[in-house]
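For the record, the sequence lines run as chains A and B.
Using the numbering used here, read the first sequence as starting at 1 and increasing by one per residue.
Using the numbering used here, read the second sequence as starting at 1 and increasing by one per residue.
Check each hint, because a few of them may be wrong.
[Unchecked claim] No farther apart than 20 Å at their CA atoms in a straight line, the calculated lysine to aspartate or glutamate pairs in the EDC-like style are these: (1) A:Lys207 with A:Glu76; (2) A:Lys289 with A:Glu195; (3) B:Lys15 with A:Asp132; (4) A:Lys233 with A:Glu271; (5) A:Lys269 with A:Asp285; (6) B:Lys10 with A:Glu17; (7) B:Lys15 with A:Glu98; (8) B:Lys273 with A:Glu61; (9) A:Lys107 with B:Glu57; (10) B:Lys170 with A:Glu17.
No lab work stands behind these hints: they were computed from the structure.
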Amino acid sequence: MKNNVIEVKNVFKYYGEVLAVDGITLTVQKGETLGLIGHNGAGKSTLFKMMLGLIPPTSGEIYINGTPVHGSAFRELRRSIGYLPENVVFYDNLTGLETLQFFAALKGCERDTCLPLLEKVGLAHAAYRRVDGYSKGMRQRLGFAQALLGKPRLLFLDEPTTGLDPEAIREFYSILHDLNAQGVTVVITSHILSEIQERVQRLAVLKSGKLHASGTVQELRESVNLPLIINIKHRCASDLLRQALQGVVLEALIIGDHTATLHCHRSYKMEVVRRLGALGDALEDVVVKEPTLEDVFLGYAG
Amino acid sequence: MFNIEISQIKIIAAKEFRDRIRNRWVIAVAIIFTAFALAIAYFGSAQQGEVGLRNIEVTIASLVSLVIYLIPLIALILGYDAIVGERERGSLDLLLSMPITRLELLLGKYLGLSAALASATLAGFGLVGLLLAYQINIDALYHYAGFMVSAILLGMVFLSLAVMVSVISKDRARASGAAISVWFLFVLVYDLILLGVLVLSGGTFGDALFPLLLLLNPADIFRILNIFNTEDLKVFYGLATVFPVSLSSPWLLGSMMLAWIIMPLTIALWRFK
Numbered sequence: 001m002k003n004n005v006i007e008v009k010n011v012f013k014y015y016g017e018v019l020a021v022d023g024i025t026l027t028v029q030k031g032e033t034l035g036l037i038g039h040n041g042a043g044k045s046t047l048f049k050m051m052l053g054l055i056p057p058t059s060g061e062i063y064i065n066g067t068p069v070h071g072s073a074f075r076e077l078r079r080s081i082g083y084l085p086e087n088v089v090f091y092d093n094l095t096g097l098e099t100l101q102f103f104a105a106l107k108g109c110e111r112d113t114c115l116p117l118l119e120k121v122g123l124a125h126a127a128y129r130r131v132d133g134y135s136k137g138m139r140q141r142l143g144f145a146q147a148l149l150g151k152p153r154l155l156f157l158d159e160p161t162t163g164l165d166p167e168a169i170r171e172f173y174s175i176l177h178d179l180n181a182q183g184v185t186v187v188i189t190s191h192i193l194s195e196i197q198e199r200v201q202r203l204a205v206l207k208s209g210k211l212h213a214s215g216t217v218q219e220l221r222e223s224v225n226l227p228l229i230i231n232i233k234h235r236c237a238s239d240l241l242r243q244a245l246q247g248v249v250l251e252a253l254i255i256g257d258h259t260a261t262l263h264c265h266r267s268y269k270m271e272v273v274r275r276l277g278a279l280g281d282a283l284e285d286v287v288v289k290e291p292t293l294e295d296v297f298l299g300y301a302g
Numbered sequence: 001m002f003n004i005e006i007s008q009i010k011i012i013a014a015k016e017f018r019d020r021i022r023n024r025w026v027i028a029v030a031i032i033f034t035a036f037a038l039a040i041a042y043f044g045s046a047q048q049g050e051v052g053l054r055n056i057e058v059t060i061a062s063l064v065s066l067v068i069y070l071i072p073l074i075a076l077i078l079g080y081d082a083i084v085g086e087r088e089r090g091s092l093d094l095l096l097s098m099p100i101t102r103l104e105l106l107l108g109k110y111l112g113l114s115a116a117l118a119s120a121t122l123a124g125f126g127l128v129g130l131l132l133a134y135q136i137n138i139d140a141l142y143h144y145a146g147f148m149v150s151a152i153l154l155g156m157v158f159l160s161l162a163v164m165v166s167v168i169s170k171d172r173a174r175a176s177g178a179a180i181s182v183w184f185l186f187v188l189v190y191d192l193i194l195l196g197v198l199v200l201s202g203g204t205f206g207d208a209l210f211p212l213l214l215l216l217n218p219a220d221i222f223r224i225l226n227i228f229n230t231e232d233l234k235v236f237y238g239l240a241t242v243f244p245v246s247l248s249s250p251w252l253l254g255s256m257m258l259a260w261i262i263m264p265l266t267i268a269l270w271r272f273k
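Input sequences plus hints: build the corresponding full structure.
As structure tokens, this is what we get:
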């Protein structure tokens, strides 16, 4: 496939006796945003580092734009890859601008692109301050600016929003959205699943070094088959409610005073809604809740 | 692997060097060197019952005795953190994700730190050299310059060892421990063992072997380089009795120093994969 930016082919990684990555095969297409999720120790970071060519796989192959992730051809490719490590740490004795200029020099991009980048991530006011005075969020912004040096076509972002406040998180995703629109491919990990589920096109779930599932949020939801949760407000007696739902397979039915909570399989959703509709005026409100990504994720991980 | 981009090495080296200028490391070490050199030049011949800037050869000999302890220690302290520090902070992955090879990173770090140490050495001892220049002849100045160059080489050898320690060590604490061990080994223990063996064997222990063993210690090479090439001191130290003239060529000794610089760096690169 021409459009595959990243190809991971049957990759294994042993640390001594410990199997960290267990036969992962994965492709990421041009312009796609892939979310990589998994518990600590699921092999996310190891996979990340192997895709960046920082550590070699024990076996298997990884290609970026068709180039193996080692050797001198990959060095050239690195100029078009941006990387934001988890818990990024910079040199305390440099200012934000100097930090950026240092990495710009290594990447071979223009020094005068640095200040505009700091503006872009909202750090222009602190450009001439030393990094040791930066807050966690500011360091993270600086890390993001660093990853954007040299207009990368491929971004690896490891837990990019840790330490950012909600406002900054929104700004971050808006920048990411713009980049995406320009065809930049993004691989991102995050622990805050609710945050990335709306923002990635595809998810890959890692568990104990294996690729457990991959697909869109909707595909994952359907494949993991978690029950829907339906909350209702009503004015009828509990018997009447029970009667109305007679014969529908429910996984749970909890009836309160004027409320009730139903857990039902996705395939019975419309049936339940029709039955509830038959209650007429006695029904005041219906809220259907899809399982969240956390539920999906726990469904896989648990 | 071996297509090297000099510009990447320069960028890393320039950062290391600038860091040491900025945090006043270079000026602090230069001041220490100046102070010691002045004190030794002035009081160095006190045992002959005189003080003042007199005998340059004795001054060099005293400086050699000082530098042989001080420079390895300073170089090891300067360099042990080079790689393990980046790794422990978490910035190593970011650095290596840049278009730079490990060899370039290692050489950049090494050369930047070497430049810092060389500047401090040149500034510190050079200043005293300028003061001495009014009082001594051109020949002695030549020896003094030789002393400075060899001191820089000595520093570079121990920096190379420090970088090797820094690559191999798991964390900074272990790296500092290993660096101190390297210092003890080469500066104190090695000579003591040689001396012990020499005494125990009643002096019969290989006439040919002993000088070669001296060449295996960069600190001893430094001493020989500086002592052997001044007539007075050679006799004064009694070095000529154990060290053959054939091995005393500054070129041979200098090459040994270079080998001592290259070898640890090579091991460091090999282990840095």
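Do the hints match the structure? See the list:
Of the supplied pair hints, the one linking Lys207 (chain A) and Glu76 (chain A) is violated, its CA atoms being roughly 33 Å apart against a limit of 20 Å. Among the hinted pairs, Lys289 (chain A) with Glu195 (chain A) is consistent with the structure: their alpha-carbon atoms are about 17 Å apart, no more than 20 Å. Between Lys15 (chain B) and Asp132 (chain A) the alpha-carbon distance is near 17 Å, which keeps this suggested pair within the 20 Å criterion. Restraint check for Lys233 (chain A) and Glu271 (chain A): the C-alpha separation of about 18 Å stays at or below 20 Å, so the hint holds.
Of the pairs offered as hints, the one joining Lys269 (chain A) and Asp285 (chain A) holds, with about 16 Å between alpha carbons and a cut-off of 20 Å not exceeded. As the CA atoms of Lys10 (chain B) and Glu17 (chain A) are separated by approximately 40 Å, the hinted pair breaks the 20 Å bound. Distance hint between Lys15 (chain B) and Glu98 (chain A) is fulfilled; the C-alpha atoms sit about 10 Å from each other, no more than 20 Å. The hinted pair formed by Lys273 (chain B) and Glu61 (chain A) meets the criterion: a straight-line CA distance of about 18 Å does not exceed 20 Å.
At roughly 51 Å between alpha-carbon atoms, Lys107 (chain A) and Glu57 (chain B) are farther apart than 20 Å, so this suggested pair is violated. Restraint check for Lys170 (chain B) and Glu17 (chain A): the C-alpha separation of about 19 Å stays at or below 20 Å, so the hint holds.
In summary, the structure is inconsistent with hints 1, 6, 9 from the numbered list given earlier, while agreeing with the others.
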